[in-house]
Amino acid sequence: KHPSRGPSAYLVGKVFDETGDRLTPSKSKKSSGRVIRYYYSNRLISGGADPTGWRLRADMLEQLLSEIVGTRLSEALSQFRLAPQIKPHELNKAKERLEKLDTKAMLDLIARVDLSETEASLQLNVEKVAALVQISNNKLDLECLRVEEPIVLRKRTNGPKLTWVGYKREPNHALIRAIVTAQAWVDEIKAGRSMSDIMQAHQIPEGMIWKRIRLAFLSPKLLQAIVEGTTNRDLSIKMLTKHDLPVEWSEQEALFLG
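Residue numbers are given in my numbering: position 70 of the sequence shown equals residue 57, and the series is strictly consecutive.
Since the hints were made in silico from the structure, they are not lab data.
One should not assume that every hint holds.
Derived CB-CB ranges, DEER-like [as the list claims (entries may be wrong)]: (1) Gly194 to Ser15: 29 to 35 Å; (2) Ser65 to His160: 19 to 25 Å; (3) Gln211 to Thr168: 29 to 35 Å.
Remember, predicted model here, so these are calculated numbers, not experimental data.
Think of the CB as a built atom: it goes at the ideal place given N, C-alpha and C, for glycine as much as any other residue.
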């Protein structure tokens, strides 16, 4: 039985492997009941096993491509390469709009992606980028809409991992502070203080404290990577306090460290 198609495949019809085969979205359910989304080379679904076929976790691929698009468009805007005639105040507004895009909206700017084991080649959609910047198509430098980035594909027992070679992260200091705060709350609870006392003392809404306290239970390896800025994606407080964050340290590490 083949996996069924995922409910929210943001890159459907856009991604191709090095043979030109389209990557098809799908999902599978683990024994724990957790649903994992993937992108498969189409030949794996239509023709069965093939050692050259790709099978990538959807969240990993979507996050990587979203980071590439956001970073490179921001750079091209700031350097007046994407829209050479844009006025400074218009540029600032365009950058603000870009920064507010979520993963789905960022991936919507992509027209096509070609993947190999060493490179991700992206073609961005002219009309959609022009609409984001709010200028006419003919005022965009189309060279900036063709993005080629070095990547590394590592094949592992728990599935392949893609890494963007050209991207250097800085530690997320706001996230680090939030983790330290969550650990302090747990220490207070262990010392016998009630949750309501902690909320009152720190003037924290109940919804926030229940979400943020999850940060105190991250894997030690993941904590070290966050401090060093070496996770395989840009982690945020919002991402790490979502209800579907794995409780098991091994699952956290597989998702964020690879």
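Each hint tested on the structure:
Checking the proposed 29 to 35 Å range against Gly194 and Ser15 shows it holds: the Cβ atoms sit about 32 Å from each other. As the Cβ distance of Ser65 to His160 is approximately 22 Å, the hint placing it in 19 to 25 Å holds. At about 18 Å, the CB distance of Gln211 to Thr168 disagrees with the hint of 29 to 35 Å.
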